[in-house]
Every structure is written in C-alpha cells, then in structure tokens.
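Between the sequences and the hints, there should be enough to build the whole structure, so can you do that?
Each chain is listed here by its residues.
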Amino acid sequence: MKILVLISNVPDTTTKVRFTGDNTSFDDAGVQWIINPWDELALTRAMELKEAGGVDKITVANVGEKTTEPTLRKALAVGADDAIRVDVPARDAYFVARQLAEVAKDYDLILAGIEASDYNGNAVGGMLAEMLDFNSVSAVSGISIDGDKFTVNREIDGGSQLLSITGPLVAIVQKGIAKEPRIPAMRGIMMARKKPLNVVAAVDAHEKTSYVNYELPAPKAACKMVDEENAKELITLLHEEAKVL
Amino acid sequence: MDFELSEEQNLIRETVRDFAEREIKPLARDLDEKGEFSVELTRKIGEMGLFGMYLPERYGGQGLDTLSYIIAVEEIARVDGSHAATLAAHNSLGIYPLYAFGTEEQKMRYLPQLCTGDGLWSFGLTEPGAGSDSRGSKTTAVIDGDQWVINGSKIFITNGSSEISKGCTVQAVSGEENGKKVFSTIIVEKGTPGFKALTMHGKMMWRASDTAELFFDDVRVPKANLLGQIGQGSKIMLQTLDGGRLSIAAMGLGCAQGAFELALAYANERKQFGKPISKFQINAFKLADMATKIELARNLLYKACWLKDSGKPFAKEAAMSKLYCSEIAREVADEAVQIHGGYGLMKDYDVERFYRDQRLLQIGEGTSEIQRLVISRYIGC
Ligand SMILES: Cc1cc2nc3c(=O)[nH]c(=O)nc-3n(C[C@H](O)[C@H](O)[C@H](O)COP(=O)(O)OP(=O)(O)OC[C@H]3O[C@@H](n4cnc5c(N)ncnc54)[C@H](O)[C@@H]3O)c2cc1C
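So the protein lines, in turn, are chains A and B. Its first residue numbered 1, the first sequence is counted upward by one per residue in the working numbering. Its first residue numbered 1, the second sequence is counted upward by one per residue in the working numbering.
A couple of the hints might just be wrong.
[Stated by the list, open to error] For the chain A half of the interface with chain B, some residues (derived, Cβ under 10 Å), not all of them: (1) A77; (2) D81; (3) I145; (4) E180; (5) P181; (6) A185; (7) V244; (8) L245.
[Claimed, not checked] Here are the simulated lysine to any residue pairs, SDA-like style, with alpha carbons at most 25 Å apart: (9) B/K271 with A/A221; (10) B/K316 with B/Q338; (11) B/K44 with A/M191; (12) A/K66 with B/F280; (13) B/K279 with B/M237; (14) A/K175 with B/R17; (15) B/K107 with A/A185; (16) A/K57 with A/L197; (17) B/K25 with A/I183; (18) B/K271 with A/L197; (19) B/K275 with A/R154; (20) A/K195 with B/S376; (21) B/K275 with A/A218; (22) A/K16 with B/M237; (23) A/K50 with B/K44; (24) B/K180 with B/M237; (25) B/K275 with A/V226; (26) A/K220 with B/Q9; (27) B/K312 with B/Y378; (28) B/K303 with B/P313; (29) A/K194 with B/K271; (30) A/K194 with B/Q9; (31) B/K275 with A/K175; (32) B/K279 with A/V17; (33) B/K279 with A/K105; (34) B/K275 with A/G159; (35) B/K303 with B/D289; (36) B/K271 with A/P219; (37) B/K25 with B/A267; (38) A/K16 with B/E189; (39) B/K271 with A/N230; (40) A/K50 with B/E47.
No lab work stands behind these hints: they were computed from the structure. Glycine included, each C-beta is placed from N, C-alpha and C at the ideal position.
The structure is reproduced here in structure tokens:
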C-alpha cells in the first residue's frame with residue numbers, strides 16, 4: 001500500500017495579507033510559509049496508518065517552485081518517506097490537479113486537504129480523482145485500512161456516514177482526520193536531510209481561471225459591549241443600528 | 001556576509017517553537033506557582049531530541065551544530081525560563097564535560113541514557129564558600145587504593161536532585177602543588193553510599209527547575225571515575241563554562257523575546273485615553289528600543305555560535321553574549337512589566353514570571369561582574 005499526501009505551501013495563518021501590482025497579485029514579501037493545516041493533519045493520519053502496519057510508503061507532493069522546498073522538507077521531517085515537487089508555480093486548481101495527475105497514478109490512497117488555507121478553493125482533490133478515474137470521498141473525518149478496503153467516515157448534514165470503499169481512492173480530508181498535527185523531532189529533521197526530494201518537470205497545461213483583482217474584506221467594526229442585565233438595549237441596537245432584527 | 005539561517009535551522013526554530021507553545025506554555029504558570037519539577041515534560045523534551053542534540057549519533061545525539069542547539073534553548077526560553085534551564089544545564093553542564101573529556105567507555109556508559117529525557121546529569125562546581133571564586137573550593141577527592149574518596153558539599157546545582165537525576169560531575173581539590181590547589185573532576189553516580197542530594201526550595205525564579213544541595217560524606221567511587229586527567233579540573237571547568245555561557249545567553253535572548261512579544265501584544269490591545277497604549281510615543285519608543293536590543297543580542301550570540309561551529313576561538317564573544325543577553329533580558333522584562341501596568345505584577349500574566357526568571361541570568365554561570373572581568377582580560381586590561 002502506497003499513500004500520497006498532497007501538500008500545499010500556504011502563508012502562515014497569522015500573515016498580514018497585502019497585495020501588489022495595483023491589487024492584482026499577492027505580496028509574498030516577508031511571508032512565513034507553512035504546510036496547509038488540513039494537509040498537515042492528512043500527513044499525520046498517514047503516519048498513524050503506516051505505524052499501524054500495512055503501509056509501505058508515504059510520499060508527499062507539491063506543485064510549486066523551489067521556494068516551497070522547506071515545506072516539503074518539513075513533511076519529510078514529520079515522517080514522509082520521499083517527496084515530489086512539480087517544478088512550476090501553482091496557477092489554479094485545474095492546473096495543479098493536472099500536474100499532480102502525472103505523478104499520482106501509482107498510489108493506492110491519495111489524501112488531499114479539503115481546501116488550502118490561502119485560496120480556499122476546495123477543488124484540487126475532486127478534480128484529481130476525476131482525472132485519475134479514482135474513487136473519491138470528500139469531507140472525510142476518519143479513515144482506516146482493512147486489507148485492500150478503506151473504511152471512511154464522512155461528515156454529512158446532521159450526522160456522519162461510514163463507507164467501505166475499494167481502492168484506489170482520493171480521500172478529501174477535513175478536521176477530525178487526526179487529532180493534532182505532528183511536530184517533528186530532531187531525529188526526523190536530521191533524517192529528512194537524506195530523504196529523496198524529487199523534482200519533476202511540469203507537463204503542458206493551461207489554467208482555467210485568472211485573477212483579475214484582489215480586495216481585502218472590510219475591517220471589522222468595533223465591538224460594542226452590552227451589560228448582561230440590559231437585554232433591552234441589545235434588542236434596540238440589533239434592531240436600529242445593526243438592522244438585523 | 002551571510003546572515004541567513006540554514007533551512008534546517010529555520011525548521012528547528014519552528015519545530016521547537018511549536019513544541020514549546022503546545023506542551024510547555026499551558027503548564028508553565030502552574031508548575032512555577034507550585035515550584036514543581038515536571039518529569040513528564042522533561043521526558044517530552046527528550047522525545048523531541050533536544051537533549052544531547054549536538055552529540056554525534058553514536059552517543060544518542062542528533063549531530064546538530066551549536067547554533068541549532070542555541071536556537072532550541074532560545075525558543076524554550078521564549079515561553080518558559082525553568083524548562084529552558086533544565087535543557088541548557090543538562091546539555092551544557094551535564095552532558096558537555098562527559099562528552100569532551102570522557103573516555104570512550106565513560107561516554108558509552110553515560111551519554112546514550114542522558115539523551116532520552118529519562119536521565120539528567122549535573123555539574124557540581126559552586127560551594128557555599130566558592131562562588132565566583134571557584135578556587136575557594138573545599139570539597140576534596142583523595143585516592144585510597146583503587147578508589148577516590150570524596151568529602152565536601154556543593155550548592156545551587158541544577159538538575160542535581162530530581163527524580164530522574166542520574167549523577168553529577170564533581171569538581172574537587174585532589175592535592176596541592178607548589179602551595180596551589182590542584183583540581184580534578186570526578187563522576188559520581190546517584191545511589192553511591194554517602195552521596196546525598198537535597199532539593200533547594202523557595203527560589204524566586206526558575207521555580208519549575210530542579211536545584212540541589214549535594215553532600216559527599218566519604219563517598220567512594222572507582223578510580224576510573226576520574227574525568228580527564230588528574231589536575232585537569234580547572235581546564236574542564238573553564239571549557240565547560242565557555243559553552244555554558246552561550247546557553248545562558250540564549251536564555252536571556254529567549255526571555256527578552258518572550259517578554260517583548262507579550263508587551264507588544266498587550267500595548268496594542270490595552271486602551272487608555274481612547275486609544276491603544278502602543279500609540280503613545282513613549283510606549284512605542286520603548287518597544288522600538290526593546291526590539292533593537294533583541295536584534296543586537298541575537299546577532300552577537302549567533303556570531304559567537306558561528307565562531308564555535310567554525311572551530312575558531314569564541315570564549316571572549318561567549319562572555320560578551322552572556323553579559324549582554326542577560327542584561328537586556330532584565331531591561332526588556334522590566335519595561336514589559338511597565339507596559340502591563342498593574343496587571344504586569346499579577347501572576348495571571350506571564351510577563352510577571354519573565355520578570356522573575358531573568359534575574360538569575362546575570363548571576364548564574366559567572367555573574368555580570370565576572371563576565372566583565374573575563375572580557376577585560378581578553379581585551380588587554
Ligand atoms: C538557580 C541557580 C542554578 C545554579 N546552577 C549551578 C550549577 O548547575 N552548577 C554550579 O556549579 N553552580 C550553579 N549555580 C551557582 C552560580 O554559578 C553561582 O551562584 C555564581 O557563580 C555566583 O556565585 P555566588 O552565588 O557564590 O556569588 P558570589 O561569588 O559570592 O558573588 C557575590 C557578588 O560579588 C561579586 N563578586 C565576586 N567576586 C568579584 C570580583 N572578583 N570582582 C567583582 N565582583 C565580584 C559578584 O559578581 C556578585 O555580585 C547556580 C546558581 C543558581 C542561583
């Protein structure tokens with residue numbers, strides 16, 4: 001059994017977002033990059049599955065330029081066996097899925113985060129499954145391996161489903177897939193040095209979207225505190241100022 | 001000149017920071033309040049691979065450089081002084097002399113078990129009558145047949161009396177030559193008859209770290225427990241302290257960084273006269289000064305580490321780093337409390353702990369006065 005975990009390289013969640021070029025591109029100056037939090041959980045679950053036995057290899061893959069390598073190296077430090085970087089800037093979800101499809105064919109299980117915390121596109125996992133003609137399940141909050149079958153827990157409105165699926169499978173995972181992301185130990189960081197990080201050339205593909213303009217959300221209005229005995233004032237405010245009642 | 005850290009050093013910083021935030025921060029205030037040493041957290045620090053991280057793999061280490069180790073201490077100190085102390089003392093004072101001066105047999109016997117977090121080791125130099133003046137030592141070691149017999153006591157010994165303390169490297173007077181004391185360094189394992197370790201309570205700072213008083217009453221150990229050569233005690237001590245100064249400096253830097261971040265966050269949040277107090281120039285400039293001092297301290301300390309990692313002399317820069325980082329820790333923590341106003345004096349605010357923890361740094365492993373003495377000798381006074 002071989003697992004591929006898709007790794008998106010995203011700005012740290014506390015990044016102060018700025019734009020350049022007349023608001024047409026994201027300003028990455030001084031940005032701290034991290035593993036997309038959902039991908040980090042996916043990798044953690046992959047490690048748990050490997051430790052439980054039955055998984056031979058965990059590979060991590062990213063579409064991006066050389067600057068994303070520290071993020072892949074961290075995934076190797078956490079415990080992935082090898083890494084693939086498709087050497088091209090990520091343009092849009094279709095483009096990324098198209099690149100990944102070239103390197104993902106030989107895996108039995110592909111774990112994708114439900115979204116990446118930068119563009120929150122929620123699309124790569126599903127597209128990749130279609131391109132590879134793999135089964136796919138989204139909103140996965142639990143997965144285990146039973147021989148050649150996967151038992152998958154999927155969150156649905158008001159409850160959850162338990163599915164049994166024969167592979168190959170793309171599992172699009174969300175919160176709950178693992179408790180906490182693993183922090184690599186020093187040994188892992190040292191071992192990551194020697195693990196293969198394979199750089200592959202991109203295939204010809206065209207993105208289907210282009211970014212016209214970025215805009216920051218309106219700043220949050222000041223918070224008004226209302227005394228707990230003053231429910232009446234709260235209702236008046238909601239009615240007259242916020243106009244939501 | 002290249003000030004860029006390596007990819008690996010950046011990852012070590014990020015990793016140790018995550019670990020400190022997740023595992024140490026939630027417990028630090030309570031352990032400090034109770035004055036409790038945590039065996040469990042110490043084990044976790046071991047599982048992270050932070051003990052002996054600069055040792056070669058065959059001794060249980062990770063083969064990392066000095067700077068990586070210093071970054072790890074800095075990041076723990078950014079969150080809590082006590083746990084940084086446990087880490088720094090074990091690595092720099094416990095493990096280092098065994099590694100640098102031990103025979104292969106001694107290294108294989110002690111080092112692997114000291115890298116896991118299941119065992120701590122201490123360095124016993126200070127005595128009631130011998131602080132800055134380490135030559136004032138009264139503890140003696142004499143040879144009797146094929147054994148050393150040790151008598152005397154040590155005070156303020158970090159990691160000397162915890163549940164998982166495995167022993168101590170003891171500095172003792174082993175004779176006299178031309179009217180001058182000759183020092184030797186002897187390995188004493190826990191459980192040796194006549195060796196007693198008592199925990200010292202009532203510390204103002206580092207309350208969750210272990211500090212011991214050690215007593216040696218006709219303690220007999222094999223002659224093979226000598227570390228290095230007879231008469232090499234002073235050299236072992238000086239070389240150990242050179243490295244130790246880097247880790248105390250790292251604690252100062254981390255403490256200052258932590259206090260600064262608390263102050264900045266508080267100043268941006270706390271409103272008086274209708275605006276955040278960081279908008280008052282006096283506070284903004286205070287924060288600017290803090291950031292500048294921290295930047296200077298970091299550059300100086302990292303340079304000292306770079307010298308050491310490049311195999312160049314680093315003792316002068318180590319003393320300068322220890323002096324400067326510990327002194328700015330005091331200045332930064334003091335202003336950080338000031339920015340917190342009355343709340344900064346309350347135990348519910350972490351800055352109060354930083355204010356106490358920094359105070360040891362100008363005293364331990366050579367006081368600020370002694371650092372100035374050391375530096376003044378290097379510059380030719
Ligand atoms: C929490 C804690 C942990 C410690 N851990 C260890 C440990 O693990 N191992 C260990 O061996 N020791 C340890 N120490 C001891 C520490 O290194 C000593 O406290 C320190 O070296 C100072 O010695 P002293 O306290 O006896 O002060 P003193 O030497 O008595 O100094 C008192 C004052 O006199 C000044 N002074 C002394 N001599 C001179 C001089 N020549 N010129 C100018 N001023 C001078 C000093 O700077 C200081 O201000 C620890 C101490 C503490 C508090």
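Requested in this report: Please work out if A/K16 and B/E189 have their alpha carbons no farther apart than 25 Å.
Outcome: 53 Å, violated
Query raised in the report: Keeping to a limit of 25 Å between CA atoms, is the pair of B/K25 and A/I183 held or broken?
Result: 15 Å, holds
Query raised in the report: Given the hint that B/K44 pairs with A/M191, does the C-alpha gap stay at or below 25 Å?
Result: It holds: about 20 Å lies between the C-alpha atoms, which stays within 25 Å.
Query raised in the report: For the pair supplied as a hint, A/K50 and B/E47, is the alpha-carbon distance within the 25 Å limit?
Result: 20 Å, holds
Query - Distance restraint between A/K57 and A/L197, which requires alpha-carbon spacing of 25 Å or less - result: Cα-Cα ~14 Å, so holds.
Query raised in the report: Is A/K195 close enough to B/S376, meaning Cα to Cα at most 25 Å?
Result: 48 Å, violated
Report task. Starting from B/K271, check that the Cα of A/A221 is at most 25 Å away, please. Result -> 16 Å, holds
Query raised in the report: Given the hint that A/K194 pairs with B/Q9, does the C-alpha gap stay at or below 25 Å?
Result: 16 Å, holds
Report task. Compare the distance between the alpha carbons of B/K271 and A/L197 with 25 Å, and conclude whether the hinted pair is satisfied. Result -> 50 Å, violated
Query raised in the report: Given the hint that B/K25 pairs with B/A267, does the C-alpha gap stay at or below 25 Å?
Result: 21 Å, holds
Query - Interface hint outcome for A/D81 [beta carbon to chain B under 10 Å] - result: At about 18 Å, which exceeds the 10 Å cut-off, the nearest Cβ of chain B leaves the hint on A/D81 violated.
Query - chain B contact restraint on A/E180 - CB to CB distance below 10 Å - result: 8 Å, holds
In this structure, the hints that do not hold are numbers 2, 3, 7, 8, 10, 12, 13, 18, 19, 20, 22, 26, 29, 31, 33, 34 and 38, in rising order.
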